[in-house]
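S.K.: Heads up: the sequence lines are chains A and B, in that order.
Start counting the first sequence at 1; every next residue gets the next number (the numbering used here).
Start counting the second sequence at 1001; every next residue gets the next number (the numbering used here).
No lab work stands behind these hints: they were computed from the structure.
Just so you know, these numbers come straight off a predicted model, no measurement behind them.
Each hint should be verified, as a subset may be incorrect.
[Said to hold, decoys possible] To give a feel for the contact side, a few chain A residues facing chain B, derived at Cβ under 7 Å:
no., residue
1, 4
2, 5
3, 14
4, 21
5, 23
6, 30
7, 32
8, 64
9, 66
10, 67
[To be verified] Residues of chain A placed beyond 12 Å of chain B at every Cβ, according to the derived structure:
no., residue
11, 3
12, 15
13, 17
14, 18
15, 31
16, 33
17, 53
18, 55
19, 96
20, 113
21, 124
Heads up, the beta-carbon is just placed ideally off N, CA and C, and yes, glycines get one too.
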Amino acid sequence: MDKLAKQLRADAALIDVQVSDELERRITASLHGLSPEGQEPPTIRQRPAAFWWASSLTGVAAALIVIAVINSQSRLDEAPTRAPEISPIAVLTTPIIDWKTESAMLTSPLRKELEDLQADIKKAEQKVKEDIGL
Amino acid sequence: MIDEQQLIDAAKAGSAEAFADLVKRYRVRLLRFLLTRCASFADAEDALQDTLIAAYRYLHSYDSRWRFSTWLYRIAIRNAQKIRSENIVELGDLSDEESDPLLQCIVASESENLWVSARRVLNDDVFAATWLRYAEDMSINDISKALDRSASWTKVNLLRARKALGSELNRQSSGSEAYG
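When you get a sec, could you build the whole thing from the sequences and use the hints?
M.R.: Written out as structure tokens, the structure reads:
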């Protein structure tokens, strides 16, 4: 071992430390309050077979009771459903136009009727222009 | 005397007493190391307590291919770093015996303790590597594992530390000769 290594080792030994009683107590208390993680879980205590049957049957009975209660509740809560009423607003808001219409009396071929109608419109236009002074 | 592996097995099974016996041989060594890494004696004690609690809690993850001491030191180094990161006092600020817990625990000698010089001239990881090598006689491989560094990093930095501390030792020797 060389001089430096010897000196380092000697100097490390000159660092004088002791674990105090208080620290010792603290560490011991901390360790006793812990359990290592990953430790095997404690074995589950075996119960008699009758216990398993009794608990299973109790569970099934409880489930049936709950289902029955829910069903009876839902029947009581049910009320006859009514068809929604149509709101009159839509009818009221639509303006009613009084169309004054006459059914056309077709006495000649369709082409002739169209020409007559156009002539009537022209006459009506002419009359309106005369009335308003154009 | 009960074998270390037997104590580890018993502690893994949940025996706090076996764990206490197991770490009894390492407590003082760990505390001495932690004292060089912490800003106060109370911090070093807290770091030791945290280290032992963490070791007990995670003992199931201990791989027996490692030396137990290597594994413990790895936890201790992390705890020291954690406690120092929470503390506002830097080790470099500790200059007198009143504030420096390491100086308080050093038995009086003619020259400055080389570990005090080492703490001044080496960074954290290099100091830890040097400590594990020369105060704990650990192999390069174990030091690499404890510090989570490569073997080549450990070799190179131990060489640098030797060079720096060799200069310190020469300076001390020449100083004492000059005064002598």
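S.K.: Kindly indicate which numbered hints from before are broken by the structure, ordering the numbers from low to high.
M.R.: Hints 4, 8, 9, 10, 11, 12, 13, 14, 15 and 16 not satisfied by this model.
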